[in-house]
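Using the sequences plus the hints, can you model the full thing?
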Amino acid sequence: MLGSRTIEDRLREEYFDLLPEIRRTALETETRVRRDLLDISLKLERYERLLITSRVKECESAVDALRRRQLLGAWDEERPHDYSLTQLPDLAAIRVMAFPRQRLLDVEAVVRQTLSSWTADPVPPIDGLAVPLALKYFGRWSLDSRITAEVQIVSLLIGAFWEVEHDAIYKPNPNLHGVMRSASVIQPRDEVLRALERFGAAFEEAIAGSEGSSTTSSG
Amino acid sequence: METDKEPILKAARYVYNFDRMAYYNRGARKAFSIEWVEDHTEDELRRAVEEPNDSDEWQVYAEPRPPQRVIDKFLAEINAR
Chain X
600 MLGSRTIEDR
610 LREEYFDLLP
620 EIRRTALETE
630 TRVRRDLLDI
640 SLKLERYERL
650 LITSRVKECE
660 SAVDALRRRQ
670 LLGAWDEERP
680 HDYSLTQLPD
690 LAAIRVMAFP
700 RQRLLDVEAV
710 VRQTLSSWTA
720 DPVPPIDGLA
730 VPLALKYFGR
740 WSLDSRITAE
750 VQIVSLLIGA
760 FWEVEHDAIY
770 KPNPNLHGVM
780 RSASVIQPRD
790 EVLRALERFG
800 AAFEEAIAGS
810 EGSSTTSSG
Chain U
1045 METDKEPILK
1055 AARYVYNFDR
1065 MAYYNRGARK
1075 AFSIEWVEDH
1085 TEDELRRAVE
1095 EPNDSDEWQV
1105 YAEPRPPQRV
1115 IDKFLAEINA
1125 R
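So the sequences go chain by chain: X and U. According to the numbering used here, the first sequence is numbered sequentially starting from 600. According to the numbering used here, the second sequence is numbered sequentially starting from 1045.
Hints listed in this document are in silico derivations from the structure and should not be mistaken for laboratory results. A virtual CB, placed ideally from N, CA and C, is assigned to each residue, including glycine. Hints are all accurate, no fakes.
Estimated spans, in silico, between C-beta atoms of each pair: (1) G811/X x V1059/U: 53 to 59 angstroms; (2) N1123/U x S715/X: 48 to 54 angstroms; (3) I725/X x R1070/U: 32 to 38 angstroms; (4) E644/X x D1048/U: 40 to 46 angstroms; (5) H680/X x R1057/U: 35 to 41 angstroms; (6) A1124/U x Y646/X: 55 to 61 angstroms; (7) R1125/U x T718/X: 35 to 41 angstroms.
Dropping the structure here:
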């Protein structure tokens, strides 16, 4: 019965209508970013890493992300047509992870040019760190596209931590994202991020100050 | 949220509901959306927490203010817990 459909049901239907376009957008974004970063990839030293991952937001994750953007995390049942998953900025998302920091800066310079017309939305620094945790851009490849894509550039260790955190905690239970707004959880999580940054910096310094087969290119 | 705001809410026995992303205290009949807490200073939060609620109605701090039906649904949910 049409009248009894919930807002979530309507959004799930919308998701599967959008899905082919979300997949195409993810593929297009990944391909464009990989092409732009090819020169950097080919010049990497053996110990340097450049990882590019892409993901299509899953249905329940998308519906819950839109709900969390509403006041008090609740739908207004009287206004079902106010909601569309196309309001989400990250239905298709690419993450570029780089090590060491110099490669991260190289990636940032290239991607910033490619995405100059997109909106920059950096993840702000946490206490004790001077630079944003990650650079984020969102935008659309064409005016008629319904899908907004996100490109995120982050250090290898923090990016890897976010992937583990997502797979272990949020993927099975998208509503647990709300827990992360609580300061009692933010504090220990920030300690992990600071430790990863310190570890990355120390590791980088140790490599720069030493020599060995793992630091020389095979070229 | 800044770490210095949560102790104010915890000390006043507010509970965080992560589905609704709001702090509430049944005894005080007050609730704060996480956005309201994030957008206001520590002093503003402290004043809002300490201000007595002499009415029988809940005071819901959320900006922009959601429609009353959304607030009613939220209150029904937390009252049912």
